[in-house]
Structure formats: C-alpha cells, structure tokens
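Turn these sequences into a full structure, and let the hints steer you where they fit.
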Amino acid sequence: MIVMEDVYFSYPSGVEALREVNLKIEDGEFVAIMGQNGAGKTTLVKHINGLLKPTKGRVLIDGVETTKVSVAKLARKVGLVFQNPDHQLFSETVEEEISFALKNFGYDEKTIRERVDWALNLLDLKEYRKVSPFMLSGGERKRVALASVLAWNPKIVILDEPTIGQDHRQKERLRQFILQLNRQGKTVIIVTHDVEFVAECDPKIMLMRQGRIIAIGGAKEILTNENLVNQASVALPEIAKIFKGLEDFGFPRNVIDVYEAADVLYERLGG
Amino acid sequence: MSMFDGFKFRSVSSSIHQMDPRAKFVYVCVLFSVTVMFNNLIPLLILFLIQVPLVLMAKVQKEWVRSMKGSAMFAVIIFAMNLLSLYFYSGYETFGSVLERSLAMTLRFIVLIQTFSIFFLTTSPDMLGLALEQSRIPYELCFAFTTAVRFVPVLAEEAQTIMDAQKARGLELEGGNFLKRIRNYIPILIPLIVNAIRRSLELAETMESRAWGANKNRTNLYVLKMERKDVLLILISLLILAVSIYVSMYVQIPSIIQILTS
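From first to last, the protein sequence lines are chains A and B.
Numbering follows this note's numbering, with no gaps: position 130 of the first sequence is 130.
Numbering follows this note's numbering, with no gaps: position 184 of the second sequence is 184.
The calculated DSSO-like cross-link candidates involving lysine-lysine, where the alpha carbons are at most 30 Å apart (straight line), are:
no.: 1; chain 1: B; residue 1: K62; chain 2: A; residue 2: K53
no.: 2; chain 1: A; residue 1: K171; chain 2: A; residue 2: K204
no.: 3; chain 1: B; residue 1: K62; chain 2: B; residue 2: K229
no.: 4; chain 1: B; residue 1: K180; chain 2: A; residue 2: K130
no.: 5; chain 1: B; residue 1: K59; chain 2: B; residue 2: K229
no.: 6; chain 1: B; residue 1: K180; chain 2: A; residue 2: K73
no.: 7; chain 1: A; residue 1: K53; chain 2: B; residue 2: K69
no.: 8; chain 1: A; residue 1: K24; chain 2: A; residue 2: K73
no.: 9; chain 1: B; residue 1: K180; chain 2: A; residue 2: K77
no.: 10; chain 1: A; residue 1: K155; chain 2: A; residue 2: K130
no.: 11; chain 1: A; residue 1: K68; chain 2: B; residue 2: K180
no.: 12; chain 1: B; residue 1: K69; chain 2: A; residue 2: K68
no.: 13; chain 1: B; residue 1: K8; chain 2: A; residue 2: K56
no.: 14; chain 1: B; residue 1: K62; chain 2: A; residue 2: K68
no.: 15; chain 1: B; residue 1: K180; chain 2: A; residue 2: K103
no.: 16; chain 1: B; residue 1: K180; chain 2: A; residue 2: K53
no.: 17; chain 1: A; residue 1: K204; chain 2: A; residue 2: K68
no.: 18; chain 1: B; residue 1: K8; chain 2: A; residue 2: K53
no.: 19; chain 1: A; residue 1: K126; chain 2: A; residue 2: K110
no.: 20; chain 1: A; residue 1: K103; chain 2: A; residue 2: K130
no.: 21; chain 1: A; residue 1: K56; chain 2: B; residue 2: K69
no.: 22; chain 1: B; residue 1: K62; chain 2: A; residue 2: K56
Just so you know, these hints were derived from the structure itself, not from any lab.
Right, here's the structure in full:
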C-alpha cells in the first residue's frame, strides 16, 4: 500500500513541485495520474520508489517510510519505467539489458535466465534477444525498457507516459497488457496525457494541477466533469464530448468508453 | 552531478559578470597555464587563495561551493592515485614529500575547476559567442563552441535522469571497492554519450532545414567594447604569467615540509 501524508517537495532550484499531497493507493489498484505539463506527476511517482524524498510530510510503502530505506531496496517492490527508454538502455544486447536489474538484485544465474526468458516472451521481444537495443525502433526500445523492469516482478508497476510514440496496435497491446498486470493483483500506476487511452482502461484517476492533487475518483466521474478536467488542462474524451452534446436528447452523460457508447446508441436506435 | 552546477551560467548582476568575456578569457588562459606550470603545493595554494575574492565579487559563492563539493570525489580519486603511484614508483625519499606532492596534484585539479567555474558562472554563452565572433574566428566554429557550452546544463540534467532511471533498476552508486565504483558509472555514461551523439545529429539536421549558413555576412545586435577594468584584468593576468614564469625558472620553491622542519 502506498500512503502519502501531507507531502511537500521543492527542487534545489527552489521550484515547489508538490504541495499538500495526500493519497492512499491500495494493493491491486489501477491508478492514472493526469494533469498539465509541469503539474508534478513525474515528481510524484519518483517519491514512490524513493528517488526523491519529501521536503515535508511522509511517504510510506507498505508501512515503511521511504527516507529509511535505499532506492535499490524499494525498487524491488516498486518498478518505475521512465518515460524515455534512451535514458536507461546501455547494454550490448537486449538480453543483457533485461538482466541488468536482476544482477543488481543478486538473483542467481538460473533464476536470471528464467526471468529474462519470461520477460522477453511477455513483451514479444524473443527475436531481439541478441540484438543491440540501440538498433531497435522507438516503440521496441520502450518495450525493452518495460521488460527490463517487469523482469524482477515488482508488486507495484509505475509507467511514466507509456503510450508516447506507440502506434495504434502497440497501444492496444499495451492496454491489454496493463489490464492483465492489474488482474494479476499488481498495483499499476500510469502517468499520462492520453485521455483516450485512460478512457478505455477505466482506472481510478488522480488529477494534478500545480503540484496539488485536485481530484481523485473513477474515470467516468472525472473524465465527464468538464470544469474539473479543464483545470488540469486535460481534454474530455471524444466519446464524452459527443454524449455531452446529446444530453438534451436524454442521453446519459457518464459515457466515456467506445463500446459502452455503441451499446447505448444501439439500444436507443433499436428501441 | 553537482560538479556541473559550477559551470552553469548564473545571471547575477556583479562587476565580474559585466566584464568583457575576452578579458576574462585571457585571465582563464593565464590561470590555466600557470596552474599546469607548477606542481608544488605553495604556489598552487596561492593560486587557489587569490581567486577566492573573485568568487565573492561575482556573488556566486553558493554555486562555487557546490561545484567544489561535487568535485570532491574526483579530488579524492586523484589524491589516492597520486599517493599510490608516487609511493611505489618514484624516488621520493620521505612519505611527507610524497604526501605533499599528492596534495599538490589534487589542489591543481581543484584550482582548475575553480578557474573554469568562475569563468562559466559569470559569462553567458551568448556573450562568449559574441567574443569569439569579434575575434574574427569563423562563425561556424563560434557556433559549434557556444552550442557545446550551452548543452552542458542539458547534459547535466540528462545525467541526473539517467542516474535516477538506473537507480530505479537497482543500481547502487555508492559502496563497493574502487573498481566496482568505476564500473557503476558505465550504465550512466553509455546512455549519456549515445544521447549526446544522437542529439547533435538531430540538431545538425534541424539547423540545415532552417537554412543555417545561408547568409555569409552576419551582423550582431550587440557589439563588445573593452573598458578600463577589462584592460586592467588583462594586465594583471599578464603580470601573474610573467611572475610565474620567472618564479618557475629562477626560484627554488620550498616545500611545506622543508619549512616546517627547518
């Protein structure tokens, strides 16, 4: 369980990036953190694995304060995949890249081999096993980065802007994949601007603005509240826009998902 | 990577900031050559101390202290390397003189950092480019130079992100023996270098698509002019150079050990 109590954070340059953040994320929850550029989303998730420590307040992971343990120790529980894969890839082969963290955590040879195979399979990277990560396309590099974190099977998985640079098919696969992780009982946190992606995933949403969390709630509740999403410079999903326009004809307003929209329309037109 | 903080331009208003970059450049060149000229502790100590008032005048003491702290680890490495190699492979008689020589080498590194840090903290990349251009250096070269300088803070920030990303994958930078510590930096240096190369290629492409170099006769909005204090700084620098050359050629520099024991 992730708990933040009255967390403030300022960068050494003096920029106050987090103010009065209070939140609780239970095990197995699926959360999307959204908000304008510079709202503090990445700063917030860096507090979860202890890369940043609060200037005021407390961050507790399973009851342990992040200031009391090293990042390496927290990382076993909290897998954070950075936005840009180029900030972490350095090995000669994809295989070595994925085993990097496993070696750091001191797994034995056999386990490392097993976990690498598992991760390569999971992200459809088997054919690139011996290929240099620098030779891969942007989307593939992103998957290697993801595999290199999932390999040690952390119970909390945080993805910073996972959909950037992914084509439609990869995005859909990513969505399936995230939902599957969540079904397996992992806590999944995504940081994203992609409102359509979130609308299709239907997670719990935390909306941020200027370092504060301004709303926490279900995707349907938040993403149909135009006033609220505007404040965080997030757009309504396309479907929500359509249903907002159809409100006068007695359509429900809380529809954000394409399939649900199709059902509602079908019922209306057929009935 | 707080060492790099000492090389980021700080826009403060001080008499040092307002000086002509060319004058400051002469000063840096002189200090650089003089620092490399000596390998005794006393002259290096003097070079270190005479620059402290400059730091205070430029009102950048906070950044300077940070860059000193950041370079502490490298300083320790330099000290240890010198101590070991001098102790085992040189004909120095006493441990005291080996110690003094190692300290001098470490101080030389610190003085170099200090000198360059004063220069870069007080000189904006734009001014630097302007100074180069007005020294009739081809614009292509000036541009390459200012771009390199301008990208230092970008690289520093990127290094921080890369460090975070690798720490998130369980990399522990502290701890372990000396060799392991150096190996620990491989996962940070490789992405940093690869990204820098990629970025430079991209930059070249985007600049060419914006017709860079189409016009041969460039003009500038600002024109640099030497003032009296700039001339004074150049004169002082040349004086330091002359004195140092004289001292290194004709004066037997005593070591601190000698002074203490005599």
